[in-house]
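Quick mapping for you: the protein sequence lines, in order, are chains B and D.
Each number in this note's numbering comes from the position in the first sequence (counting from 1) with 546 added on.
Each number in this note's numbering comes from the position in the second sequence (counting from 1) with 347 added on.
Read the hints as simulated data drawn from the structure, not as lab findings.
Hints should not be assumed to be uniformly reliable.
Listed next, the stretches of chain D that the computed footprint assigns to chain B, with coverage defined by at least 3 CB atoms under 8 angstroms from CB atoms of chain B [said to hold, decoys possible]:
#1 414 to 421
#2 448 to 457
#3 528 to 534
Sample of chain B residues lacking proximity to chain D, with all beta carbon distances greater than 12 angstroms (derived) [stated by the list, open to error]:
#4 Val557
#5 Leu559
#6 Ala560
#7 Ile666
#8 Leu731
#9 Leu746
#10 Gly749
#11 Leu792
#12 Val796
#13 Val831
Note that the Cβ used here is the ideal one computed from N, Cα and C, for glycine as well.
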Amino acid sequence: MALRPSNIVIVRLAALVLAVAVVSIANVRLGTLDVIGLLVFASGATVYLTLIKLGSADRQGRIDYLRSGEAAVATLVVFILTLLVTENVFALLGAVMLAFVAYNVARRVLVGTHRRAQAIAGVITLVVCAAVLAHLFSSISVEPARLAGALPALGLPHAFSGALYLLPLFMALSGAALYLFSRSLDEVAAFTQGARYFELTGGPFLPVALLLIVIRSAFTAIVFLCLGWTAGTGAYLQRRMNAGRLTDDVTVGLAVLLYAHLIALTMPLAGPIGTIAIATLLSHVAYAITAGRGNMS
Amino acid sequence: MIELRGIERHRGETTVLSIPQARFNDGEIIGLIGPPGAGKSCLLSILGGVDEDYLGEALFDDTPLRSIKRRERRNLVALLDRTGPENHDETLYNFLLLSRIAHKRFMEPFSDYDIQVVEEHLAHFELTAHRATPLCELTDSAYQRALVAFSLARTAPVTLLDNPTSALDPRAQMLLHRALARAVMSGGAIVLIASNDLNFVLQTADRVIVLREGTVRADLGASAVEADLIREHFNAEVFVTRNIYNGRPSVHFFPES
């Protein structure tokens, strides 16, 4: 019997929930994540949903944060801070966010908004950050296990253990942002067409563009600390959310969470560097697939 | 009505535009013609509010353009120039809907009237079949029709079109000609066309202004344009015949002998 579309959606959502539950249990059993880690992952996935939605307004957001080089920059910042300064979640959030604002402004000015150029700049940033990290690995006299532990392949779930109240706050923030976004999709569409078109709305383009960079940097910082390198490819699901249906948003959110848990499953075998390598490789594959569909502008 | 008083635009030492006095009346289609660098696009940029670095005053119904707030200006002037949309993944229909964004409130949906205006322009410019096509997949002609339709669907009292016929095939030019005639039919709108397509301008405009080296060299009814005027300002050997249906001039090159 053929299923009606609404039934298909329900079955798809149920299957995703089941899959997320199975891999969550697997991650707990393997010791990759604890209960707090599961909550942090769920919060991160919710915030990432907003980030994906933002990608429809911000042409800098059309590649994921792994491919853009943001994850590499954040890894460097977190690595240095956690080893040498502090593991305080607010300090880490602030530092990563500031690093993202600086990096994204520089990216906008130096590289522009062309997707291919952004991707190339992202690879260069990744290589530079990897080289700096390799140098730090060889020069800092700390035991290797602690060095590897400072790599936020799965984010920093333990950093949230003293500030769990942040997690519902992140979710509420995402919910509010998603609501505002769904109500202003036309203005968002005008923004993507450039200054001349956005000014038809009566709003000033440049302040909005800068505000968007700050908001995007803040959300990316939260996502990075919650999910690390595990959520990159979600950015390529943005088209699925264009219709503005709640079920599509929930499907994408669950898909992001499932993907993050699947990447996390590789951690016991591959270690943090191996997990980062796998996530980066998959991000490149996802980029190549979407680029092959002509989505290169 | 638009009135220009002592408009001057300088770039370094060079004066690129100098118009002591000019008036564009409601209900008129005005064609701006002239050789490259004559100041046609410059004048449209000033009137469109894009270029504000000029001397003198441009008055819209006796109100200086400079004193009209940006928010009000967006409903007053529609400018089509070389600045195209940046997001070519957008579908044609969604792109055209944006032409009505100045008429809607923030976070409110488009009204039925906005949708009707967009549908009418889609149909008029024969773009209905392409409504779901991303801009990047349109042919050159359909893309240019989309840009023209965007400007006209704004239903602004002043429409400024810079080279609107580039990439337009003859049928699309005819559709544009009809759309412009319809736009000024009520008598409350002004259309200025800057173009190198002399025949389109002469068939469409009520009045022709010849610009050269930034100054107005002639201002006359389109029907009064003669071959000497074209020869003098375009340095081209041409002759002029009359359209047998409306008596308007048609410019032809001499065949090579």
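A quick look at each hint next to the structure:
1. 414 to 421: With 3 residues in contact (Cβ-Cβ under 8 angstroms with chain B), the coverage given for the segment 414 to 421 of chain D holds.
2. 448 to 457: holds (count 7)
3. 528 to 534: violated (count 0)
4. Val557: 28 angstroms, holds
5. Leu559: 27 angstroms, holds
6. Ala560: 31 angstroms, holds
7. Ile666: Holds, since 19 angstroms exceeds 12 angstroms.
8. Leu731: 9 angstroms, violated
9. Leu746: 5 angstroms, violated
10. Gly749: 8 angstroms, violated
11. Leu792: 17 angstroms, holds
12. Val796: It holds; B/Val796 is separated from chain D by about 23 angstroms at its closest Cβ, greater than 12 angstroms.
13. Val831: 21 angstroms, holds
The structure fails to meet hints 3, 8, 9 and 10 from the earlier list, while all remaining hints are met.
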